[in-house]
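Line by line, the protein sequences give chains A and B.
Residue numbers for the first sequence follow the working numbering, so the first one is 76 and each next one is one higher.
Residue numbers for the second sequence follow the working numbering, so the first one is 76 and each next one is one higher.
Keep in mind that the hints were calculated from the coordinates and are not lab data.
Owing to the predicted nature of the structure, the values given are computational and were not obtained by experimental measurement.
Honestly, I wouldn't trust all of these hints.
Copies of the same chain are indistinguishable here, so a pair counts whether it falls within one copy or spans any two.
Said to hold, decoys possible - DMTMM-like cross-link-like pairs, simulated, lysine to aspartate or glutamate; straight-line CA separation at most 20 Å:
{"hint": "1", "residue 1": "K296", "residue 2": "E366"}
{"hint": "2", "residue 1": "K319", "residue 2": "D179"}
{"hint": "3", "residue 1": "K296", "residue 2": "D365"}
{"hint": "4", "residue 1": "K319", "residue 2": "D204"}
{"hint": "5", "residue 1": "K373", "residue 2": "D204"}
{"hint": "6", "residue 1": "K433", "residue 2": "D181"}
{"hint": "7", "residue 1": "K410", "residue 2": "E111"}
{"hint": "8", "residue 1": "K319", "residue 2": "E202"}
{"hint": "9", "residue 1": "K508", "residue 2": "E243"}
{"hint": "10", "residue 1": "K319", "residue 2": "E177"}
{"hint": "11", "residue 1": "K369", "residue 2": "D321"}
{"hint": "12", "residue 1": "K293", "residue 2": "E366"}
{"hint": "13", "residue 1": "K474", "residue 2": "E415"}
{"hint": "14", "residue 1": "K508", "residue 2": "E252"}
{"hint": "15", "residue 1": "K485", "residue 2": "E243"}
{"hint": "16", "residue 1": "K319", "residue 2": "E201"}
{"hint": "17", "residue 1": "K296", "residue 2": "E368"}
{"hint": "18", "residue 1": "K433", "residue 2": "D417"}
{"hint": "19", "residue 1": "K396", "residue 2": "E407"}
{"hint": "20", "residue 1": "K319", "residue 2": "D181"}
{"hint": "21", "residue 1": "K373", "residue 2": "D181"}
{"hint": "22", "residue 1": "K396", "residue 2": "E201"}
{"hint": "23", "residue 1": "K296", "residue 2": "D321"}
Listed below, chain by chain, are the residues.
Protein chains: 2
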Amino acid sequence: MYNIINSTDIEYLKSIVPADRIFVGNEINPDYHHDELGGTEAAPDVLIFVNSTEEISKIMTYAYKYNIPVTVRGSGTGLVGAAVAVKGGILLCTSKMNRILELDTDNLTVTVEPGVLLMELAAFVEENDLFYPPDPGEKSATIGGNISTNAGGMRAVRYGVTRDYVRELTVVLPNGEVQVFGGKIVKNSSGYSLLNLMVGSEGTLGIITKAVLRLLPKPTKSVSLLVPFDSMDDALDCVPLIVKTDTNPTAIEYMSRDTILFSEDYLSKKFPDTSHPAYLLLTFDGSSDDEIEKNYSKIADLCIVNGAADAFFIDTDERKKSVWSARGAFLEAIKASTDEMDECDVVVPRNRIAEYIKYTHIIAKELGVRIPSFGHAGDGNLHIYICRDGATDKMWEEKLKKAFDMMYSKAHEIGGQVSGEHGIGFAKKGYLKESLGDTQIALMRGIKSAFDPKCILNPDKLF
Amino acid sequence: MYNIINSTDIEYLKSIVPADRIFVGNEINPDYHHDELGGTEAAPDVLIFVNSTEEISKIMTYAYKYNIPVTVRGSGTGLVGAAVAVKGGILLCTSKMNRILELDTDNLTVTVEPGVLLMELAAFVEENDLFYPPDPGEKSATIGGNISTNAGGMRAVRYGVTRDYVRELTVVLPNGEVQVFGGKIVKNSSGYSLLNLMVGSEGTLGIITKAVLRLLPKPTKSVSLLVPFDSMDDALDCVPLIVKTDTNPTAIEYMSRDTILFSEDYLSKKFPDTSHPAYLLLTFDGSSDDEIEKNYSKIADLCIVNGAADAFFIDTDERKKSVWSARGAFLEAIKASTDEMDECDVVVPRNRIAEYIKYTHIIAKELGVRIPSFGHAGDGNLHIYICRDGATDKMWEEKLKKAFDMMYSKAHEIGGQVSGEHGIGFAKKGYLKESLGDTQIALMRGIKSAFDPKCILNPDKLF
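Taking the hints into account, I'd like the entire structure generated from these sequences.
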């Protein structure tokens, strides 16, 4: 179906990309065969560090003509193999397209290339007293990757997800044409939203080469509240009560003592309190001390009335750093605790989280595997890790499949979806199909065909 | 291409829909030949007041099999002919599917049928101390229609548009299959967002039969600020300055004295002040008096420093009603001032509004037509009306075309889009094509084909 890259192809690609940005065959660092989680591995034939829309357009025009598969990669921090060149061909890496092109303070937008890292963007806008709210855990991910997975993060409770901050995308289509979707505008009802279709499409419909992102004025104050509970149920039962108030929390994270202990070990840093089995960690931000104080006091009271053992107000930079760096290290800490792991990133209705986590405990017991988890309690998005812990290949494969089957089927049963923010990529295709059914997969295939009739862009992903 | 409805078809439809909900040929009230603006007229062969997902599914299964065009209509408050059965066939009216099905206070959602009116929804959630933020001017529009046009409204500055509040849609596809897109979830990265594709698709991809909408806690206080200026430029130059502050205004509306005077005449009610040529009307809401006061005082000061003649604080219910009912009556007042009119609903970058409005004044002068306008200054969405004022058919047609050509081409030139919230429907197809170009229209056609290969659902709309 696809053409194997030959010497003529290489010659052409080398004619449009300088030698220091193109790597062929064995010259390619094996890091580019997989993403962060590493479950999906494949070697591209050519790796190109692209540098401009025009260059990408030329490459795609050629690849489209000669039926060569192309996959796009940012920082490689993905967890589902979306940026792995599973059909070989060309891997385009956007990490050198990392310029911040414009800050428009009238329209409150920033224009960036796709390879800008989330942490670079955050630092840049903060210096300018502005704020880019999406806050996924992985700060070294690229903005292109964040848009392609509709990344969520901690602040979704108050501020929403990446989708809510994408105003305009410049996109190279699979055939090399360059198009601009959306605009520097706040409302739009001008045909199907191709912009929203691009967001979360995991590099299968077009290649994002420029993004105009919406910013907000920077909140000047932020405080956190750490609330210990004697049981997970008590903690999670408080979440809908909190969300119903007018206190507008920025983040509501759930963490169990077990997970905190991993993190303490991993970071060799003490967490302020580990004497209780369950915790909620909340943030409140705004521009007025009084307002924030009113809000967190109200929530502290509400939690204590509803079973919290205490409520620790966290305002110094040092204590804030201590709790949030622990929270930020959960993934790495769990990863370090085992030889191999795989993850499940389901999202369920907010009021079903406790039920869902308990179900993962049942699975763990039933299959005899360790399944630590933590979660964005405020938005129903859980991160659940199945740890190999030295199991044989056969056992691991078997148990992983069983655990995933049970977890995704439970998520579907209670009105959830396969992925809240990590995406489907290559690893979760089977579960997406089971969750959405043949009709929706067929609609998605139809959309894919409209953009990419030869299916050369990031083939074999999503469905 | 399509089959003409015959007596066998009528017989079948009458076998699944009771006689009091189905009308054939001359039995159909001519109100159902057009929408609110009335520029597009066509008679359906059959009008059915549908009552359930199952009924719609049966009708679509039949229509798909026999190639009969189907158009869906809510309250008929559209302005671009999207709900007119331009190819005849079946018109499905959702006005009897107006049940509020569930209020989920844990997940802060309300589940409604598509025929629920915006004002009914607003009243229901308010009674329950909750808040559905989208606030289009036309309160008797249906929620189905609001979703289908991604309706915006006054509060978009702070709260966003309809798209931001749609969590889940139950949809009957053109072939009669019933599918659920999205879920009662806050994040989602599970394949292409078919949910977001449905929003704003103007009834061309599927029929919405149930919607789960996101709610917020109800703000307990709201005040308005009316700020007079000595020129439009001064007023509109303040808008980016206001948006940049941390005061989070809910609405920022621009109005000229001329438009206010129309409205005074139309309502026979006095506006608090008409001594200045230009006004900004702002709203601030929240749950704390102090916070709101801090915010509106800051903005009043900012406006006065930047050229405002004064700043009237509007807090009593009576005064609030007086200014906002004037604002709400603009469309009707302009409509009442002329024999016929057509509208343009462009959206432009926020900092280009003044330039754009001035351009409409140039067009008015050049063509010798009256072109009143008003606008959502905070989000760049303008409503511009071209008034016939007794022109002959030929003159009207000519001037209207010229005015539209100039306006849409200017919007495109400064980075705007054809429609901010009214949609494209039948009336604006040509301008959408000009604005987006052949490639994007082809992508949209491809998407349409994936959902509706026989093109029986709301044919001849959008492109």
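Comparing the hints with the structure gives:
Within a single copy, K296 and E366 get their C-alpha atoms as close as 10 Å, and across copies as close as 14 Å, so both meet the 20 Å cut-off. For the homomeric pair K319 and D179, the shortest alpha-carbon distance between copies (11 Å) is at most 20 Å, but the shortest distance inside one copy (35 Å) is not. Within a single copy, K296 and D365 get their C-alpha atoms as close as 10 Å, and across copies as close as 17 Å, so both meet the 20 Å cut-off. Proximity of K319 and D204 under a CA criterion of 20 Å is satisfied inter-copy only: 10 Å between copies versus 30 Å inside one chain copy.
Taking the shortest alpha-carbon separations for K373 and D204, only the inter-copy value of 18 Å comes in at or below 20 Å, while the best intra-copy value is 28 Å. For the identical chains of this complex, K433 and D181 are inter-copy neighbours only, at 19 Å across copies versus 49 Å inside a copy, given an alpha-carbon limit of 20 Å. In the homo-oligomer, the alpha carbons of K410 and E111 lie at most 20 Å apart inside one protomer (11 Å), although the nearest pairing across protomers, at 60 Å, exceeds that limit. With identical chains, the CA atoms of K319 and E202 are at most 20 Å apart between copies only, with a shortest distance of 15 Å across copies and 34 Å within one.
Taking CA atoms no more than 20 Å apart as the test, K508 paired with E243 passes between copies only; the shortest distance there is 18 Å, against 30 Å inside one copy. In the homo-oligomer, the alpha carbons of K319 and E177 lie at most 20 Å apart only across protomers (16 Å), although the nearest pairing inside one protomer, at 38 Å, exceeds that limit. Taking the shortest alpha-carbon separations for K369 and D321, both the intra-copy value of 11 Å and the inter-copy value of 18 Å come in at or below 20 Å. Taking the closest pair of Cα atoms, K293 and E366 come within 20 Å of each other both inside a single copy (16 Å) and across two copies (17 Å).
In this assembly of identical chains, the alpha carbons of K474 and E415 lie at most 20 Å apart only when taken from the same copy (13 Å versus 71 Å across copies). Taking the shortest alpha-carbon separations for K508 and E252, only the inter-copy value of 17 Å comes in at or below 20 Å, while the best intra-copy value is 30 Å. Taking the shortest Cα distances, K485 and E243 sit within 20 Å of each other only across copies (19 Å), while inside one copy they are farther apart (37 Å). In this assembly of identical chains, the alpha carbons of K319 and E201 lie at most 20 Å apart only when taken from different copies (14 Å versus 30 Å within one copy).
In this assembly of identical chains, K296 and E368 lie within 20 Å of each other by CA distance both inside one copy and across copies; the values are 10 Å within and 19 Å between. Taking the shortest alpha-carbon separations for K433 and D417, only the intra-copy value of 19 Å comes in at or below 20 Å, while the best inter-copy value is 59 Å. With identical chains, the CA atoms of K396 and E407 are at most 20 Å apart within one copy only, with a shortest distance of 17 Å there and 56 Å across copies. Proximity of K319 and D181 under a CA criterion of 20 Å is satisfied inter-copy only: 7 Å between copies versus 34 Å inside one chain copy.
In this homomeric assembly, K373 and D181 come within 20 Å of each other (Cα to Cα) only across copies, at 18 Å, whereas the closest approach inside a single copy is 36 Å. In the homo-oligomer, the alpha carbons of K396 and E201 lie at most 20 Å apart inside one protomer (18 Å), although the nearest pairing across protomers, at 40 Å, exceeds that limit. For the identical chains of this complex, K296 and D321 are neighbours both inside a copy (18 Å) and across copies (12 Å), given an alpha-carbon limit of 20 Å.
In summary, this structure violates none of the numbered hints.
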